[in-house]
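Based on these hints, arrange chain B on the given structure of chain A.
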Amino acid sequence: MLDKLLKKHETYLFLIIIAYAVVVTSVNRSFMTFENLFDILRSGAGMGILAMGVLVALLSGGIDVSFTAVAISGGYIAVRVIMATGVDNLFAAFAISCSIGIVLGLINGLIISYFKLPTLIATLGTLNVFHGALTTFVGTESVNARQMPSCFVNFGSAKIITLVSEQGSKYGLSVFVIPLVAVIVLTWFILRFTMLGRGIYALGSNRESAKRAGFNITALQLFVYSYIGFLAGVMGVVFVSEVRWVNPVTLIGTELTVIAAVVIGGTKLTGGSGTILGTLLGVAIVTILYNTLVFLGLSAAWNNFFVGIIIIISIGITSYRNRIKNRKSLSFKT
Amino acid sequence: MNDDFLIVDNVSKSYVGVHALKNVDLKISSGSIHCLVGENGSGKSTLIKAIAGVIPIDSGEIIINGKTYTHLHAIDSIREGIQVIYQDLSLFPNLTVAENISLIQMVEERKKFISWNEMEQIARRELDRIGIRLKVDDLVEDLSMANRQIVAIVRALTQDARLIVMDEPTTALTKGEIDSLFSLISDLKNNGISTLFVSHKLSEVLAISEKVAVLRDGMMVGDFETSDLDTNRLVFHMTGKEIVHSIFQYQGKKSGEPPLLELKDLTKKPNYSDINLSLFRGEILGITGLLGSGRTELALSLFGLNRPESGQIWIDGRFQTMRRPGDAIRAGISYLPEDRHSQGLFLQQSIGNNLIVTILSRILNKLRVISEKKKLESMNRYVRELRIKTPTLDTPAESLSGGNQQRVLFGKWLATDPKIFILDGPTVGIDIASKSEIHQLIKKLAQGGMGIIVISDEINEVFHNCNRILVMKNGRIAAEVDPQHTTEQELTDLVEKKNGVAS
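Protein chains in written order, with our numbering: chain A, 11 to 344; chain B, 5 to 507.
Bear in mind the hints are in silico, worked out from the structure with no lab data behind them. One or more hints might be untrue.
[Stated by the list, open to error] With the Cβ distance kept under 10 Å, some of the chain A side facing chain B (calculated, not the full set):
#1 G214
#2 K278
#3 K335
[What the hints assert, rightly or not] In silico lysine to aspartate or glutamate, DMTMM-like type, Cα no more than 20 Å apart, as pairs:
#4 K17/A / D142/B
#5 K335/A / E301/B
#6 K205/B / D232/B
#7 K221/A / E84/B
[To be verified] Pairwise CB distance ranges, derived in the manner of DEER restraints:
#8 G135/A / G452/B: 54 to 60 Å
#9 F117/B / A29/A: 36 to 42 Å
#10 N332/A / F117/B: 28 to 34 Å
#11 L371/B / L15/A: 55 to 61 Å
#12 V304/A / R327/B: 48 to 54 Å
#13 D13/B / N332/A: 47 to 53 Å
In this text, all values refer to a predicted model and were calculated from it rather than measured experimentally. Each residue gets a CB set at the ideal place from its N, CA and C atoms; glycine is no exception.
Just chain A, with the same shape it has in the complex (with noise of 0.2 Å):
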């Protein structure tokens, strides 16, 4: 039992994450109380939904990086039709994220697989493409809290649980929680139960022997990009609630956070490999750095730097266990 624990990565991550807990808790007693622990939960939320929606992507042997891009557009074009409309639902507002997310996400998967184009070349095309047309086409005019539809502020304020803290301050668990936990289990469903999710992971392991089983390769590349398209559209709409401050040249530039926390939860690059519970303990260990460095009295300035080192450790350790399994096997594979 413990030889098995000891074979999956994840046990390495959760043994980073306490590691790290034990640290900063014995400098500072206020890491380890349930504000901390909603803040965390809060913050990370966005991070979360957009992460399933990449490791959807690694695992179908492609990658996307234009999500941040779907995201925001998704988002503020929410914000602006409400403002200019006067709905102020929040479901009409995730209805108009989303559909938007999903319709960029279909011309990445269009490009995908008609023109055949590598997708890190064409999501990194698309990126720039739909950020330059949210920004020319609809504007950059920001939006700010007073100006921000009643819906999304309530969005963001609302709060699941409230507890009063010793000092008398009120904070609680934030609903972010519930389309982060939903996600989570929609993409739990789709990656376990549904040949979906098998055809993603067949082709992500083998292009060739999927097309060769009979899996519809082009059907499977245009649900994961408008999936994470979809993911994206909810993300923006959480995004836009979190901040109450609104620009379309914000979140750009954050994808590669959100790939490293992936890559971190021990989904390989190469498709085909790679579990929500890793990915989930990837956005944690990347979420909890960036939060809580803090803590220890280091500055903003050090949470790259941390990040960093544990996304060497974390592919660290399962690089050289691979090359210690295959040494013994005499197959040079590095």
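Positioned in the frame of chain A, the structure of chain B alone reads:
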């Protein structure tokens, strides 16, 4: 005949400028065992892919079960009962055995949701049907080659297959496993399932098949009854030429001459143990044995890639430690690997670059920069001497035929002027004409004084090209044989018998 399951009628297929298939006809009847042979480049893979519906044909028809198809799709072919097991097995390495076995069935049944229980049950049931024990939860990438082959075959059988096409299925199997495979194919026949077996190993082709279809340069030379064929006639149909075999004559060692290579009690568990051998100048020493006997592991140790635990390596009377390939190369050893694609060639680099990569330090000019003149001289020299067929020096290595790729590898190592050349499976997957030319090359090198070790599965090859043959079993040297005083059959028996009892 009306119980022909598959009829390929006048099928042609071209790729840009190249006719892969020209007016090919083939008939496969139900419950028959058919073999497809042909040199590399003859069109075998293209024909298989056409039958499987993976590539479209330019003209002609494919008639399966009486139904005519001009545009066959993979899913149609699968539904009609044609299952292809490609040489790379087309498995999903990151998925489990159970998933690999059941997935195709689920795709074919257009299922939307999967039940893990069901997949496991299907897998176990199919494995039991064939009588194989495998853990269905294991990831395929962790399985041995033979077990992967079994998974591929079991997968093919879950589909109510009527025709199973196997592309070079025996390359990585032991003799025992090959026998099991053949009895499986006979069982299939008794159940009305046809097998189309593509192979380079002519002895196997003649042993298992009822009919042999021969392709040459994209055209079907003929579909022969196996009983009308023997090896020479088959080779003649495949190449259009007669190939002559001659035994290698060793000059004999000069008196008092120390061995070029001497191994004393070399051991590396669990690969091999207590290896003692000597190799003299001008000898071609053959090492043969079943899969897993330790031959390649021993060769890797001589090249610094598998450091031995104990024992000694002496080269030309001097003790050597082999920690890395650099040590071996400096000591005058060259090694031609089993897998030339992933371990020998730089596939995307030009042929020229592949040829000089081992002697970069020797083609520098006074400024320690690579001299164009010396570089071209070396490249051209080896292309000429080895008769490498290529349009230019800049052609990427991956576009050459197997035989020519092997020549490039020979060139690359000969450029280092080795004293000892270890060849691991030097003619695997190479067409017959090139094979015999490479054998000539090896003999010429030996006559020039090089000590050569040939590691091979093919009894025929070691028999006609070595003056001494060592048989390895379970990591030890079990016997030494002189081809001038034995027959091929005796050697085959020696290799295959288990613990003194002929299998």
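Now for the hints, and whether the structure bears them out:
no. : hint                        : in the structure
1   : G214                        : holds (8 Å)
2   : K278                        : holds (8 Å)
3   : K335                        : holds (8 Å)
4   : K17/A / D142/B              : holds (14 Å)
5   : K335/A / E301/B             : holds (16 Å)
6   : K205/B / D232/B             : holds (18 Å)
7   : K221/A / E84/B              : holds (17 Å)
8   : G135/A / G452/B: 54 to 60 Å : holds (58 Å)
9   : F117/B / A29/A: 36 to 42 Å  : holds (40 Å)
10  : N332/A / F117/B: 28 to 34 Å : holds (33 Å)
11  : L371/B / L15/A: 55 to 61 Å  : holds (59 Å)
12  : V304/A / R327/B: 48 to 54 Å : holds (50 Å)
13  : D13/B / N332/A: 47 to 53 Å  : holds (49 Å)
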